[in-house]
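Listed below are the residues making up each chain.
8 protein chains.
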Amino acid sequence: MIEHGIVLDHDRQRRIGFDEAIFAESKSIAQIEAIAAQAIEARTPRLFTRLDAMKYEALANPIRKALDYDPISRTAFVGERTKARGPAQVAIVTGGSSDLHASREAMRTLEYHGQASLHVPDVGVAGLWRLLDRIEEIRPMRVVIVVAGMEGALPSVVAGLVPGLVIALPTSVGYGVAEGGRAALHSALASCAPGLATVNIDNGYGAACAALRALGAGLSSS
Amino acid sequence: MIEHGIVLDHDRQRRIGFDEAIFAESKSIAQIEAIAAQAIEARTPRLFTRLDAMKYEALANPIRKALDYDPISRTAFVGERTKARGPAQVAIVTGGSSDLHASREAMRTLEYHGQASLHVPDVGVAGLWRLLDRIEEIRPMRVVIVVAGMEGALPSVVAGLVPGLVIALPTSVGYGVAEGGRAALHSALASCAPGLATVNIDNGYGAACAALRALGAGLSSS
Amino acid sequence: MIEHGIVLDHDRQRRIGFDEAIFAESKSIAQIEAIAAQAIEARTPRLFTRLDAMKYEALANPIRKALDYDPISRTAFVGERTKARGPAQVAIVTGGSSDLHASREAMRTLEYHGQASLHVPDVGVAGLWRLLDRIEEIRPMRVVIVVAGMEGALPSVVAGLVPGLVIALPTSVGYGVAEGGRAALHSALASCAPGLATVNIDNGYGAACAALRALGAGLSSS
Amino acid sequence: MIEHGIVLDHDRQRRIGFDEAIFAESKSIAQIEAIAAQAIEARTPRLFTRLDAMKYEALANPIRKALDYDPISRTAFVGERTKARGPAQVAIVTGGSSDLHASREAMRTLEYHGQASLHVPDVGVAGLWRLLDRIEEIRPMRVVIVVAGMEGALPSVVAGLVPGLVIALPTSVGYGVAEGGRAALHSALASCAPGLATVNIDNGYGAACAALRALGAGLSSS
Amino acid sequence: MIEHGIVLDHDRQRRIGFDEAIFAESKSIAQIEAIAAQAIEARTPRLFTRLDAMKYEALANPIRKALDYDPISRTAFVGERTKARGPAQVAIVTGGSSDLHASREAMRTLEYHGQASLHVPDVGVAGLWRLLDRIEEIRPMRVVIVVAGMEGALPSVVAGLVPGLVIALPTSVGYGVAEGGRAALHSALASCAPGLATVNIDNGYGAACAALRALGAGLSSS
Amino acid sequence: MIEHGIVLDHDRQRRIGFDEAIFAESKSIAQIEAIAAQAIEARTPRLFTRLDAMKYEALANPIRKALDYDPISRTAFVGERTKARGPAQVAIVTGGSSDLHASREAMRTLEYHGQASLHVPDVGVAGLWRLLDRIEEIRPMRVVIVVAGMEGALPSVVAGLVPGLVIALPTSVGYGVAEGGRAALHSALASCAPGLATVNIDNGYGAACAALRALGAGLSSS
Amino acid sequence: MIEHGIVLDHDRQRRIGFDEAIFAESKSIAQIEAIAAQAIEARTPRLFTRLDAMKYEALANPIRKALDYDPISRTAFVGERTKARGPAQVAIVTGGSSDLHASREAMRTLEYHGQASLHVPDVGVAGLWRLLDRIEEIRPMRVVIVVAGMEGALPSVVAGLVPGLVIALPTSVGYGVAEGGRAALHSALASCAPGLATVNIDNGYGAACAALRALGAGLSSS
Amino acid sequence: MIEHGIVLDHDRQRRIGFDEAIFAESKSIAQIEAIAAQAIEARTPRLFTRLDAMKYEALANPIRKALDYDPISRTAFVGERTKARGPAQVAIVTGGSSDLHASREAMRTLEYHGQASLHVPDVGVAGLWRLLDRIEEIRPMRVVIVVAGMEGALPSVVAGLVPGLVIALPTSVGYGVAEGGRAALHSALASCAPGLATVNIDNGYGAACAALRALGAGLSSS
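Chains as they are written, first to last, in my numbering: chain A, 3 to 224; chain B, 3 to 224; chain C, 3 to 224; chain D, 3 to 224; chain E, 3 to 224; chain F, 3 to 224; chain G, 3 to 224; chain H, 3 to 224.
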């Protein structure tokens, strides 16, 4: 694929426990098709992120058909993937129904890597009872990904209530000072709750990978 | 006082219901002494804000003695002031014990204007039970000033629980992305809780004045 | 509606005195239709904000017809709403005719909650006489929402002239350093006029909710 | 003075109508003494700006004595200077008594160049009557320098009332979002009043030089 | 026009020497038509700024025909305007051919107000000889508007060479750190050349109005 | 301790697996002494962070003596603490010897909670061999905290080489665009390496707590 | 071409060793056609940058045909150009396949000026072996341009491994805090590797010109 | 030195052509003494940067005496260093006498590595003749480092006049929008002059190292 300027990191699985996902946002149709074709031919699975619906529709027919595509998260899978093993160890807690693009990207990434997850949607702090109603389900989880835009208060509240690793996933939902997601990101970083970690704005893929690292999958295989 | 470049707004009480407070931070000792001396002579009360302890100590003796000074809030009063009328209609809810400089500035401003207030300290969201333990005391208040630094999640949580006017008072407590208080300010502005209003970072005086306006004092006198 | 990732805060009216409005900006057509359909079926009123004209046109016909839609403010109502009670206690003072999207969002939110309001349009500080001509109408109001983009000087001028609660509503009107509304927002926060509170840029809904809180509606019902 | 890394622009007066002022803030005592000594010896006048009191006190005795120093504006003159010619054509209008450092830097620069000026102090918009009381004195001026920190609303209000050239001089007075003066600067730039020009924060020297340019002094000499 | 939320400042000409221009960017077609129709009917001239070609094309036919429209500057005139009086007193010096939108907005505004101007295009500092070739034409001008995007070095260079009032007009031309024009704006504000004034990014109208103020037109008429 | 505005979260250990640390930076001497005295009396351990040397020296003698103080990390312990259990599961990898304040805060927090850690100092990317020399020691760790200021490239490089949870700990070391640590923080957030999580600038305490959460200590006790 | 506001710097080749390239982004079709027509007529070569495909397609036919156009880099050549002399002295090392727009702009600019270059694509730090595999090819180069978006760690790693001039070329690839390329730019500026220079975000043309300067072409001709 | 957390990159000279300099700003006295002592003992030269006068005075006597210290640049050398070879190939052009801290850091770094340099001080663009007077001396240089604070226009002007590699060295000199040096940095990055490279604010060491790389010293030794 060197003609497309692409050198895949085929050694990544061995080093860190999961393979290279393809960030489709700044890639051309031709680059995406080349990567997918190679995966299909080699019968290796491959995950694509940030593949928007227009680009997906523009892919050549056999490749488009080979993809398991989800328009909300803008993710696509090709190839056989690991079956989910055992009960969920990761919860994905979401502030609002506008944040689904990010929470589903995290969920789909976990799914691709064979991890089930528990979903707790639309429990923003403006109506705190919605979170408190479900907190006992969340408490035993080893990892809790908390998805929130606007002021991003939810990750701090959750991190004060549960013992597992809490990963904030700030989203770009909001306007005015919240536009672009910096307000939610800064809330996560400046949290008064101890031990809250964060990833970049809208980076559902990264939050899921951090969860996979915390669960130690790559360690057992190395 | 024109020789000090000062023209007091002696008409303010009539227009908006409270007199002009003196922002001492960028004023010289001579300017502060001139204003205080005039108030003492005219037997009119006067409130000073942002008067740090070093400046206070540097004031001429008779003036320093005439001031009722509080070093935590850096406020000083001179002259007779209105006695508090009736039970508290304003709660001041504070996230952490590091935010006292701001919450006491609000309390002292209310006190200067004859308003009692209810204090609910150190109830940050990392330990949510502390707030929930006291929420029934806060609920009937007409105005709730919520003081918080760091990620500033507390005002959003409170505004989701009580019906009165909630005024966020973000503080500059914190470091890294929280340094200077912008993270807490943006949380207040971007809140998912409806109808949360805010004032500038560390502006306890402004939060108290907004509360006075909401209580309608100036309206009855106009 | 859990299939759309939606958990409405049906308890909000009881807690804070008004029900949950639907922020339509980041929601899909399907999500909006589901919420509206439920409101129509349950015969409960519902307010939608940030519903742009293209999304409105895309809604299924019976739902679109059931909505009372205003394209300037991008708000829609469904269901019976409270009749306005008594004379206006809230003024909405607007700097320029470019700010109507925000001032009308505030007006429509008040209307939805049964509050009349007084409108004072196009009185920016470049022609100060326009404001001074109408200041006596504004002075008796319990709450004054001041809408301004560009340099945002108007809220400070108004707050120096009237005793009621003044809520700045900065708008994103302007270019260069004013683009996005931060200049107007910072003017409101940094105001030399005492007790000026503010909400996020273009947040007409929030300004109206803060006014409702200040008027104490939720308190009487709690 | 090449040993101090200094090459004065001795040709500036001929080109643009006024000589080079010395920005003392980042210069060493030795550099300042060398420049002052040369001016004394050559019997040419020289203006120093941003010369703080500690640096002034540290200067060698004969040089310190030769300087006409003003601690508020941190300016110093050496040598004979032009006598003021005729009545004031420039007004300096100041928002608050905390802004004197900047307004006096402008006044002293004009004085050094032989221009009288009219001073209108402490007329911030929170008490608008103070400005309206004096507006007829300001109206006939060819140039009006308006000095304001915090939200910086005053330059916009003045520019809506007078026909002369209005130069905003934003100051760093304020805290929170106003800290450092960006809020006041952005208000000047984003003004809804037509034809308001601005200079850098706290740049009283620059505002005065722009006024001198507008008065055309350099043109007549060129 | 109150039904469009419009209250024109009909008194502006008397106060500051020029009438109110209409900022069309955030106005609706209906609002623009109403203002133009009134001007046509009243036979008063009117200047529109930021009227993009698509909006212009959408105007009702008789109104569109009555407008003298320039698509580069996005300005339109209606009605008789003042004839230019005497030789040019204002130069407009432009860094690059990408800055024409702003320099023509300034030129058209001057033309509307009866002021001729001298144009010196494409003389950016990367090829300094282009400016030096024409500097003697520029030197006698009472006002020099210097238009520059990217790093915005040109206004500083010009202000070091001519005695008149130099007004920087930063433009949004550029990418990376120059995107939006802040780099050019900050260069103007931080200039080492004395007495450089500036207006907002892309504000050709404002630069021209500042020039008109400096030329004293409004003063003679007041 | 309510007289100091302090309400400790005594329930935190039960909820999330570790007790409340005291952020001493914005607290008064009196507040710190009160908290330490209570811990000594109650024979409960307590961790203090951001206790600078001057504040430490100012503490009353018996309290100062009771503290195990480290001036580099500005941390102090009081009381018996958990002995380290088993071999290190956490590595702390540091870019430069200027970053010790943060890496030692992480190390001391882990030590307080009974966790040994492996230290790999001064392995910044400018001399990559230093990291590669030690990478096999780091690879088996369940958690790797990577401490880096300036451009913050180290966390990305490490996260591409090891399978465990990698937590970036950006520091405020650097000048110019690196001042305050934002450049290093943004590098961590924008990393091309998958699953890198981050905490706030200089937040060694937070990085250690996130590690404790990932190790699941609180889960086993809940 | 003065009717298009264009004054080409025809003297540039003599002064600095290469001719003026045309930045097409903010230029009109008419301006681009005029410049190209003149070059064709005068049989002088000319380089256009930032000529997007839509603008290219809109050019008049004979001009479009005369251009050697590359849509990825958005560059076009007209006229005969220098043949490449000798082996490559410049390497272009690229982090990811999304950065091709910038790396090809650098390559095409070098090609236009007769410089061959070595390409090393897709060697981002997440898979470090890809860079280490090729480092011996890169080491002898006199100039190494390192192209990277997101966190921009690659230029620091390369600058620690090779002795030639390393020029960072940050790209706008990324989202959240990386959006627009500031994170990558700041990494280059704050690098712990000594002597790393940088150019503006996405400025492949500038990186190539800096390389040409370092190779001394203009010196030999001057 | 591992007890001080220090692992020197002893291999750097071989890889990139110059040894590791010690950034003293965030290092303790003990760390600096340990590094200097080792260099003295091993008779290897060593360069220290950002060693402020107070730290220098605090060093143990034998070490302090062994250092060749310059307080303006805050640099120190220990050990024998390379004699300068041949005539200067690098010019250091400085905008103002306030920028000496940075220009001398560059000069001292070149001197430490055996490179003479030509100094052209105080030639800021406000008095352009000062630069034009000396441009013929600068033109033949292979590298030109241009040092400028405030608006940073000088690097663009120089890069338009000379063919060698031009490295901008922005400084933190200035106030208001120039405070901290971002305005000067952005001017360098956004320059309209082709092929201008830049380093971080006040990074004289980095500018000199980039010059050394461009001169190819490390290449000949590798």
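Mixed in with the good hints there might be a few duds.
Calculated lysine-lysine pairs in the DSS-like style (CA-CA distance at most 30 Å, straight line) [unchecked claim]:
id, chain 1, residue 1, chain 2, residue 2
1, G, Lys85, G, Lys57
2, G, Lys85, E, Lys57
3, D, Lys67, D, Lys57
4, C, Lys57, A, Lys57
5, E, Lys85, E, Lys57
6, C, Lys85, C, Lys57
7, G, Lys85, A, Lys57
8, B, Lys57, D, Lys57
9, F, Lys57, F, Lys67
10, F, Lys67, B, Lys57
11, F, Lys57, H, Lys57
12, H, Lys57, D, Lys57
13, E, Lys85, C, Lys57
14, G, Lys67, G, Lys57
I should point out that these hints are in silico values taken from the structure, not numbers from a laboratory.
Treat the numbers as computed from the prediction; the structure is a model and nothing was measured.
Results for each hint:
Taking the CA atoms of lysine 85 of chain G and lysine 57 of chain G, the gap is near 28 Å; set against the 30 Å cutoff, the hint holds. About 50 Å separates the Cα atoms of lysine 85 of chain G and lysine 57 of chain E, which puts this hinted pair outside 30 Å; it is violated. Taken as a hint, the lysine 67 of chain D and lysine 57 of chain D pair is honoured in the structure, with Cα atoms around 14 Å apart against an allowance of 30 Å. Straight-line distance between C-alpha atoms of lysine 57 of chain C and lysine 57 of chain A comes to about 22 Å, which keeps the hinted pair within the 30 Å bound.
Taking the CA atoms of lysine 85 of chain E and lysine 57 of chain E, the gap is near 28 Å; set against the 30 Å cutoff, the hint holds. Distance check on the hinted pair: lysine 85 of chain C and lysine 57 of chain C sit about 28 Å apart at the alpha-carbon level, within 30 Å; holds. At most 30 Å may separate the alpha-carbon atoms for a hinted pair to count; lysine 85 of chain G and lysine 57 of chain A exceed this at roughly 39 Å. Restraint check for lysine 57 of chain B and lysine 57 of chain D: the C-alpha separation of about 22 Å stays at or below 30 Å, so the hint holds.
Taken as a hint, the lysine 57 of chain F and lysine 67 of chain F pair is honoured in the structure, with Cα atoms around 14 Å apart against an allowance of 30 Å. With a CA separation close to 35 Å, the supplied pair lysine 67 of chain F and lysine 57 of chain B exceeds the 30 Å bound. For the given pair, lysine 57 of chain F sits about 22 Å from lysine 57 of chain H by alpha-carbon distance, which is consistent with the 30 Å threshold. Distance check on the hinted pair: lysine 57 of chain H and lysine 57 of chain D sit about 22 Å apart at the alpha-carbon level, within 30 Å; holds.
A hinted pair counts as satisfied when its Cα atoms are at most 30 Å apart, and lysine 85 of chain E with lysine 57 of chain C does not qualify at roughly 50 Å. Note on lysine 67 of chain G and lysine 57 of chain G: the hinted pairing holds, with a Cα-Cα distance of about 14 Å set against a maximum of 30 Å.
When held up to the earlier numbered hints, the structure conflicts with 2, 7, 10 and 13 and fits the remainder.
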